[in-house]
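Please model the complete structure; the sequences and the hints are all you need to start from.
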Amino acid sequence: MPCSTCGTRLLIQNPPNWEKKCPTCDKIHVVNREVAIRISNERLLYLYDLFLRYVKQFKKTRLIAHIIWEREKFARDFSANYQPFDMSRFLAYNFLIKHLMMESFNGTMDANESNTTNLVKTFDKYLELLTDHNYLKEGIGELLADMPFDPSSLTIQEKLSR
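Counted from 1, the sequence shown has number 77 at position 78 by numbering that gives the first Met the number 0; the numbering is strictly sequential.
I should point out that these hints are in silico values taken from the structure, not numbers from a laboratory. All C-beta atoms in this analysis are idealised placements derived from N, C-alpha and C, irrespective of residue type, glycine included. Among these hints, one or two may not hold up.
[What the hints assert, rightly or not] Below are the DSBU-like pairs computed for lysine-lysine, each with C-alpha atoms no more than 35 Å apart in a straight line:
no.: 1; residue 1: Lys158; residue 2: Lys55
no.: 2; residue 1: Lys55; residue 2: Lys136
no.: 3; residue 1: Lys55; residue 2: Lys120
no.: 4; residue 1: Lys72; residue 2: Lys58
no.: 5; residue 1: Lys120; residue 2: Lys136
no.: 6; residue 1: Lys58; residue 2: Lys97
no.: 7; residue 1: Lys136; residue 2: Lys59
no.: 8; residue 1: Lys58; residue 2: Lys120
no.: 9; residue 1: Lys97; residue 2: Lys136
no.: 10; residue 1: Lys59; residue 2: Lys158
no.: 11; residue 1: Lys158; residue 2: Lys136
no.: 12; residue 1: Lys59; residue 2: Lys124
no.: 13; residue 1: Lys72; residue 2: Lys120
no.: 14; residue 1: Lys124; residue 2: Lys97
no.: 15; residue 1: Lys55; residue 2: Lys97
no.: 16; residue 1: Lys72; residue 2: Lys97
no.: 17; residue 1: Lys97; residue 2: Lys158
no.: 18; residue 1: Lys59; residue 2: Lys120
no.: 19; residue 1: Lys124; residue 2: Lys136
no.: 20; residue 1: Lys55; residue 2: Lys72
[What the hints assert, rightly or not] Each pair of labels, with its calculated beta carbon distance range:
no.: 21; residue 1: Gln56; residue 2: Thr130; range: 22 to 28 Å
no.: 22; residue 1: Asn31; residue 2: Ser87; range: 28 to 34 Å
no.: 23; residue 1: Ile36; residue 2: Thr107; range: 36 to 42 Å
no.: 24; residue 1: Tyr81; residue 2: Ser103; range: 36 to 42 Å
no.: 25; residue 1: Thr107; residue 2: Ser151; range: 39 to 45 Å
no.: 26; residue 1: Arg61; residue 2: Ile36; range: 34 to 40 Å
no.: 27; residue 1: Lys136; residue 2: Glu102; range: 23 to 29 Å
So, in structure tokens, the structure goes:
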């Protein structure tokens, strides 16, 4: 679909919302696909490493038990209140439990309701970035920048902000 102002093909951003932007009128730069995938991959590896370092501070069995209990409360809340079921959150619980079962760790921190809830929310955000990464790989999504940049000079903080 072309832009009504300049005729340039519109870009679709944020696939769940399908927001359309004009690269010319909105001064958006589409990052080369290979560079975008590399940046996205580096982001994911960095964030997952940070996440694992934090998780490994916990006692494994207590952490997994708390996550399973959080998932149970989440599922019960749906049944009890008939509210919309957030499938991505439910899958995040399952995916996180699976990943933690495969990891070897036994820290000293005790899991509790507060830190477990925050842990699952953080992992859910990581899974959103993983979904965006898969969109890039499949050619469904684009990485957009507000100005041209040199990919080789980007810091990890800059990669996380793009």
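- Query: Going through the earlier hints one by one, which of them does the structure break, listed in rising order?
  - Reply: The structure breaks none of the hints.
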